[in-house]
Amino acid sequence: MIEVDAEKCSGCKKCVKVCPYGAVTMADKLAVIGDECNLCGACEQNCPEGAITIQRKKVEIDESKFKDVWVVAEIAENKLKNVTLELLGKGRELADELGQTLCAVLIGKDVKSYTKVLGEYGADKIYLAENDLLEFYNTDSYNMIISGMILQFNPNIVLFGATHVGRDLAPRIASNLELGLTADCTGLSIDEGRLLQTRPAFGGNVMADILSHTRPQMATVRPNVMKKLESPTDKVPEIVEVSVNVDPRGMRTKVLERTEISGVGAVKIDEADVIIAGGRGLGSKENLKLLQDLADELGGVLGASRVIVDEQWLPKSQQIGQSGITVSPKLYIGAGISGAIQHLVGMKSSDTIIVINKDPNAPIFEVAKIGVVGDLTQVIPALIEAIKAHKAAQ
Amino acid sequence: MKIVACVKQVPDTTEVKIDEKTGTLIREGVPSIINPFDQFAVELAIKLKEEHGGEVSVISMGPPQAKAVLTKSLALGADKAVLLSDRKFAGADTLATAYTLALAIEKLGDFDLVLCGLQAIDGDTAQVGPEMAQRLKIPQITYAENVVFEDNKFIVDKLTESGLEKLQVKPPALVAVITPSDFVPGNPPFSKIMKAKKKPLDTWTADDLGGDPERFGLNGSPTWVKRVYSPPRKEKGEILTDPPEEVAKRLVEILAKEGFL
Amino acid sequence: MNIQTFSEEQDLFRESLREFCEQTIVPRRTELEDKKEIPDDIIKAMAEFELLAPSVSPDFGGAGFDAVTAGIAAEELARADPTCSIPVLYLVQCSWGHVFNKFGTEEAKGEILPKVTKGEAICGIATTEADIGSDLGNMVTTIKPTDKGYVINGNKNYISGVREAAKYGGGHVTLARQDLEAGTRGMTMFFFPLKDVPGVTISEDEEMGREAISTGGFIIDNVEIPKHYLIGEENKGFYLVHIGYEYARGLIALVCVGAAMKSIENGIAYIKERKAFGRPIGKYEAIQFALAEHYTRLEMARDFAYKALYYLEKEQSEGKYSRMEVSKIIAMSKLLTPGWAFNAIDDAMQWQGAFGYSRECPDQSALRAIRSFTLAEGSREIMRLIVARELLGKDFIAYK
Ligand SMILES: Cc1cc2nc3c(=O)[nH]c(=O)nc-3n(C[C@H](O)[C@H](O)[C@H](O)COP(=O)(O)OP(=O)(O)OC[C@H]3O[C@@H](n4cnc5c(N)ncnc54)[C@H](O)[C@@H]3O)c2cc1C
Ligand SMILES: Cc1cc2nc3c(=O)[nH]c(=O)nc-3n(C[C@H](O)[C@H](O)[C@H](O)COP(=O)(O)OP(=O)(O)OC[C@H]3O[C@@H](n4cnc5c(N)ncnc54)[C@H](O)[C@@H]3O)c2cc1C
Chain B
1 MIEVDAEKCS
11 GCKKCVKVCP
21 YGAVTMADKL
31 AVIGDECNLC
41 GACEQNCPEG
51 AITIQRKKVE
61 IDESKFKDVW
71 VVAEIAENKL
81 KNVTLELLGK
91 GRELADELGQ
101 TLCAVLIGKD
111 VKSYTKVLGE
121 YGADKIYLAE
131 NDLLEFYNTD
141 SYNMIISGMI
151 LQFNPNIVLF
161 GATHVGRDLA
171 PRIASNLELG
181 LTADCTGLSI
191 DEGRLLQTRP
201 AFGGNVMADI
211 LSHTRPQMAT
221 VRPNVMKKLE
231 SPTDKVPEIV
241 EVSVNVDPRG
251 MRTKVLERTE
261 ISGVGAVKID
271 EADVIIAGGR
281 GLGSKENLKL
291 LQDLADELGG
301 VLGASRVIVD
311 EQWLPKSQQI
321 GQSGITVSPK
331 LYIGAGISGA
341 IQHLVGMKSS
351 DTIIVINKDP
361 NAPIFEVAKI
371 GVVGDLTQVI
381 PALIEAIKAH
391 KAAQ
Chain U
1 MKIVACVKQV
11 PDTTEVKIDE
21 KTGTLIREGV
31 PSIINPFDQF
41 AVELAIKLKE
51 EHGGEVSVIS
61 MGPPQAKAVL
71 TKSLALGADK
81 AVLLSDRKFA
91 GADTLATAYT
101 LALAIEKLGD
111 FDLVLCGLQA
121 IDGDTAQVGP
131 EMAQRLKIPQ
141 ITYAENVVFE
151 DNKFIVDKLT
161 ESGLEKLQVK
171 PPALVAVITP
181 SDFVPGNPPF
191 SKIMKAKKKP
201 LDTWTADDLG
211 GDPERFGLNG
221 SPTWVKRVYS
231 PPRKEKGEIL
241 TDPPEEVAKR
251 LVEILAKEGF
261 L
Chain P
1 MNIQTFSEEQ
11 DLFRESLREF
21 CEQTIVPRRT
31 ELEDKKEIPD
41 DIIKAMAEFE
51 LLAPSVSPDF
61 GGAGFDAVTA
71 GIAAEELARA
81 DPTCSIPVLY
91 LVQCSWGHVF
101 NKFGTEEAKG
111 EILPKVTKGE
121 AICGIATTEA
131 DIGSDLGNMV
141 TTIKPTDKGY
151 VINGNKNYIS
161 GVREAAKYGG
171 GHVTLARQDL
181 EAGTRGMTMF
191 FFPLKDVPGV
201 TISEDEEMGR
211 EAISTGGFII
221 DNVEIPKHYL
231 IGEENKGFYL
241 VHIGYEYARG
251 LIALVCVGAA
261 MKSIENGIAY
271 IKERKAFGRP
281 IGKYEAIQFA
291 LAEHYTRLEM
301 ARDFAYKALY
311 YLEKEQSEGK
321 YSRMEVSKII
331 AMSKLLTPGW
341 AFNAIDDAMQ
351 WQGAFGYSRE
361 CPDQSALRAI
371 RSFTLAEGSR
381 EIMRLIVARE
391 LLGKDFIAYK
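Chains as they are written, first to last, in the working numbering: chain B, 1 to 394; chain U, 1 to 261; chain P, 1 to 400.
In short, the hints are calculated from the structure, not lab data.
Hints may contain errors.
Calculated cross-link-like contacts (lysine to aspartate or glutamate; reagent style DMTMM-like; alpha-carbon spacing at most 20 Å) [as the list claims (entries may be wrong)]:
#1 U:LYS249 - B:ASP296
#2 U:LYS198 - P:GLU9
#3 U:LYS192 - P:GLU9
#4 B:LYS388 - B:ASP293
#5 U:LYS153 - B:ASP375
#6 U:LYS170 - B:ASP293
#7 U:LYS49 - U:ASP151
#8 U:LYS67 - P:ASP11
#9 B:LYS58 - U:ASP212
#10 B:LYS358 - B:ASP375
#11 U:LYS192 - P:ASP59
#12 B:LYS369 - U:ASP242
#13 U:LYS170 - U:ASP112
#14 U:LYS47 - U:GLU150
#15 B:LYS369 - B:ASP351
#16 U:LYS137 - B:ASP375
#17 P:LYS35 - P:GLU360
#18 B:LYS330 - U:GLU238
#19 B:LYS58 - U:GLU214
The model shown is predicted, which means the values in this text are computed figures rather than measured ones.
Working from the sequences, and respecting the hints, build out all of it.
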């Protein structure tokens with residue numbers, strides 16, 4: 001499946017260096033591919049001599065059968081999620097480039113009212129499925145309905161938000177229909193008519209460009225990465241009502257209890273544009289007040305590293321990181337957070353990262369755009385004062 | 001209760017470094033570990049077994065070296081292990097991985113619960129769990145922090161973006177877990193490691209699994225990695241060490257420039 | 001690369017233990033120094049992780065460690081606890097638990113060892129006296145058979161774990177003279193309890209380091225112990241005591257390597273960061289050369305220590321190699337390693353400048369602790385005597 005052409009291989013070791021699995025070794029100045037090889041292709045792409053080839057099976061796709069770009073809409077607390085609007089923004093670009101239609105898939109109980117906003121943010125057409133049993137997300141029913149729609153309408157591209165719901169649902173559908181699915185994309189573009197999907201892997205240490213050779217091409221996309229339309233239009237989308245039969249017996253998981261811990265109506269941390277996060281360096285719960293004041297000035301929400309949640313100073317819904325929520329706000333201010341890797345992977349794709357820490361060696365400085373070495377109990381009050389002064393001056 | 005836990009061997013991505021000059025990953029010296037969420041899955045499986053009786057099987061697909069994570073799982077208290085190892089499995093995307101794992105789970109026989117991690121820290125997709133559940137035609141719950149068994153049902157605590165949900169599902173089901181904040185990974189002592197040595201650990205190849213050979217590995221994978229490269233390096237940040245008032249001034253300048261004020 | 005290759009299980013054990021140490025011991029260093037005792041919860045965690053007398057057979061709650069595995073734990077514990085208090089408790093119980101387990105009576109083992117492995121009692125070693133250390137044949141403590149058991153008189157001094165044994169229970173594997181005419185051939189080994197024993201007066205010493213484990217002495221005034229506390233045969237104690245010593249010496253070498261390697265690693269991190277005269281001090285060859293030498297010595301010491309323990313294990317479990325051969329190779333391992341380790345830590349502290357001398361720096365704890373190992377369980381001079389005796393033969397023993 002993977003072969004090294006002994007004639008061409010110059011023994012330069014480039015492949016040894018680029019292999020993320022450490023699978024390539026050199027024997028007699030010839031690259032040898034070991035068992036650890038996962039056929040990821042890094043060596044193939046990087047070989048200056050073109051000596052390494054992976055045999056891939058040829059796949060013929062009848063592109064003409066698959067049309068349109070779909071965005072699966074997500075609603076939380078009576079509001080469309082930001083990521084849905086962002087996906088419409090991106091979807092618009094893709095659809096225009098392909099000369100196809102941008103469609104939204106809207107599922108729920110009494111959700112027709114959302115079609116207006118979906119249209120304003122770019123959707124040409126909306127596939128609408130309404131049923132009283134669809135009030136809350138359920139893997140089984142949503143899978144059944146969307147899989148059915150895909151089979152019926154043959155879209156070319158289907159995009160989901162990489163949210164807790166999207167990441168639960170999209171792979172279920174992909175497996176149901178035997179489709180490729182690219183996870184957590186941070187970039188989407190059209191490459192020779194195909195969807196080129198860019199995503200981080202290895203904890204953000206590498207980026208991968210991925211293509212699917214099944215249709216529709218499916219991807220989940222990180223929130224806060226794509227841009228929604230800057231000036232919403234007043235377009236009225238076409239609505240296609242899809243009748244659905246929902247059998248409650250087919251919904252095999254039941255919600256017994258729902259606890260909203262971030263406070264009803266509060267901006268969810270994964271959707272926030274501005275996050276002010278605190279860590280161990282806060283020292284005492286009282287200092288959270290400082291962060292709250294700063295958040296109020298900047299219109300942000302509070303986030304936390306794991307210790308703060310363990311201490312129960314903030315609820316679990318505010319925990320950023322590997323076992324919490326992954327965020328990528330426009331502005332992240334971290335105070336007293338040293339930057340354990342588990343926290344870093346959850347925030348390092350934020351746009352502007354400002355950190356305040358006493359210890360100049362704290363790992364979080366490595367991802368910071370602005371690093372302040374100082375005492376947060378002095379820096380933050382000073383910052384709040386300065387912001388107030390700035391606002392007053394305007 | 002019969003439980004199957006899926007464990008993946010992964011490079012400790014927290015120790016992966018980027019070569020400053022070439023911009024490539026430095027794999028050398030990076031230890032291979034059990035995917036952290038999967039260790040919780042295994043320990044949760046063992047806890048359920050201890051409370052309700054039964055058997056815990058662990059499976060892993062990977063190169064022969066992946067045996068280490070199975071041995072560790074056995075030392076933690078799992079009863080038997082199967083390594084799925086074959087060159088034909090190489091290059092599997094999540095769909096092919098889920099196909100292979102699901103075949104193995106079916107081959108192991110009846111089960112009540114499949115536990116897996118929400119996501120592996122290398123591939124990072126979180127897709128294998130739901131894709132397996134679909135293939136096994138069983139319900140799934142993802143982002144789970146705990147599972148208990150009551151009245152013949154699993155009660156699962158699930159983390160949502162705005163809070164928590166308590167869900168109920170009848171066996172057989174698949175639950176994909178994240179580590180709750182109070183989880184301290186267990187470390188097996190020596191005698192358990194020695195006991196693990198005596199527990200069954202089989203290796204199954206593509207032939208052992210049967211199934212459609214076209215659906216394993218690279219051939220069975222609809223996604224293709226076209227290019228792998230290192231992310232554009234963020235330029236080194238600006239470090240401010242001035243007194244708080246000075247720092248505050250500079251920060252306001254930046255915040256204003258970026259449109260946050 | 002190790003000459004001694006470890007089994008897959010041993011590698012897994014080291015990995016598991018290192019995690020255990022990171023979770024349980026590493027964050028508690030200053031607490032060990034300040035409170036001057038090993039906190040109960042650590043003892044409990046060690047019991048669960050089978051680190052208390054793990055050489056003892058599983059019948060008595062032990063983990064059935066072989067000597068090489070025991071060495072792995074010694075090395076890892078010393079990396080985690082620079083005060084070496086935990087490693088000392090570990091190595092003493094592992095070594096003397098082995099002797100007790102192998103030569104004690106079933107009754108005594110059933111009574112005492114399960115408590116030791118659970119962390120409810122101590123099993124130490126007491127040979128040294130106020131006026132005698134190396135020259136055991138001239139000790140003053142005596143043991144006399146009675147109808148019911150034995151009566152002991154005398155004293156022991158500089159003994160590790162006395163306060164703990166008096167507080168929690170357990171006691172010490174002890175040596176005394178029985179046939180006063182026969183010198184070292186008239187010595188008997190037995191278990192001597194320390195908690196609430198009438199006729200025993202306990203004292204404590206203040207030590208330079210290893211603050212979380214006590215060192216002390218006890219005067220024994222006509223104390224009777226039951227017959228089943230006898231270890232091995234009467235008048236054969238001097239032979240048995242060397243098995244325990246050798247076990248302990250082998251482990252001490254790895255405690256030294258573990259602690260010193262950790263200091264060297266701390267030193268490396270520091271010299272890469274710290275700048276003097278415009279560049280990291282790690283750029284100066286004076287520093288680099290010292291680093292290279294310490295590291296080389298420690299790696300050599302490490303491999304040799306595992307080799308020595310491997311010999312001991314083969315001799316103890318399979319009768320391979322002679323006692324004398326094992327004595328020699330173990331003595332070689334303990335002869336130079338504590339000194340090398342001490343010097344390595346000394347330099348690692350030096351590289352860290354004033355910080356190295358501050359309480360905040362773990363390496364100063366290690367320095368003070370490691371200094372004891374040129375003495376404890378046999379001084380370095382005695383190690384030289386043993387090696388030379390094996391090379392030249394008995395006729396060349398100087399003091400005969
Ligand atoms: C750079 C890069 C990017 C990739 N992107 C994609 C992509 O977008 N889409 C895609 O389909 N594939 C992708 N792949 C392939 C994917 O990494 C592999 O299919 C991998 O085998 C499983 O995916 P994962 O690591 O993301 O597992 P996840 O789905 O994150 O794993 C979830 C859980 O499934 C179980 N599990 C996963 N793998 C195994 C295993 N081998 N043995 C036992 N249990 C297991 C574990 O319990 C794990 O915690 C990518 C690969 C690379 C190298
Ligand atoms: C921290 C600590 C803890 C200890 N814990 C215990 C314990 O738990 N149990 C226990 O029984 N003992 C314990 N000891 C005592 C230790 O075993 C003795 O210190 C050691 O055996 C040396 O005995 P000594 O101190 O009486 O010195 P001595 O025997 O009096 O010797 C003094 C010096 O003379 C040297 N010397 C002696 N004979 C010769 C010779 N023939 N040629 C050249 N030089 C010679 C010695 O090497 C030493 O340097 C401990 C010691 C320390 C420091």
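To see whether the hints hold, each was checked on the structure:
{"no.": "1", "hint": "U:LYS249 - B:ASP296", "result": "holds (19 Å)"}
{"no.": "2", "hint": "U:LYS198 - P:GLU9", "result": "holds (11 Å)"}
{"no.": "3", "hint": "U:LYS192 - P:GLU9", "result": "holds (10 Å)"}
{"no.": "4", "hint": "B:LYS388 - B:ASP293", "result": "holds (11 Å)"}
{"no.": "5", "hint": "U:LYS153 - B:ASP375", "result": "violated (51 Å)"}
{"no.": "6", "hint": "U:LYS170 - B:ASP293", "result": "violated (47 Å)"}
{"no.": "7", "hint": "U:LYS49 - U:ASP151", "result": "holds (16 Å)"}
{"no.": "8", "hint": "U:LYS67 - P:ASP11", "result": "holds (13 Å)"}
{"no.": "9", "hint": "B:LYS58 - U:ASP212", "result": "holds (18 Å)"}
{"no.": "10", "hint": "B:LYS358 - B:ASP375", "result": "holds (6 Å)"}
{"no.": "11", "hint": "U:LYS192 - P:ASP59", "result": "holds (15 Å)"}
{"no.": "12", "hint": "B:LYS369 - U:ASP242", "result": "holds (16 Å)"}
{"no.": "13", "hint": "U:LYS170 - U:ASP112", "result": "holds (9 Å)"}
{"no.": "14", "hint": "U:LYS47 - U:GLU150", "result": "holds (14 Å)"}
{"no.": "15", "hint": "B:LYS369 - B:ASP351", "result": "holds (9 Å)"}
{"no.": "16", "hint": "U:LYS137 - B:ASP375", "result": "violated (55 Å)"}
{"no.": "17", "hint": "P:LYS35 - P:GLU360", "result": "holds (15 Å)"}
{"no.": "18", "hint": "B:LYS330 - U:GLU238", "result": "holds (18 Å)"}
{"no.": "19", "hint": "B:LYS58 - U:GLU214", "result": "holds (12 Å)"}
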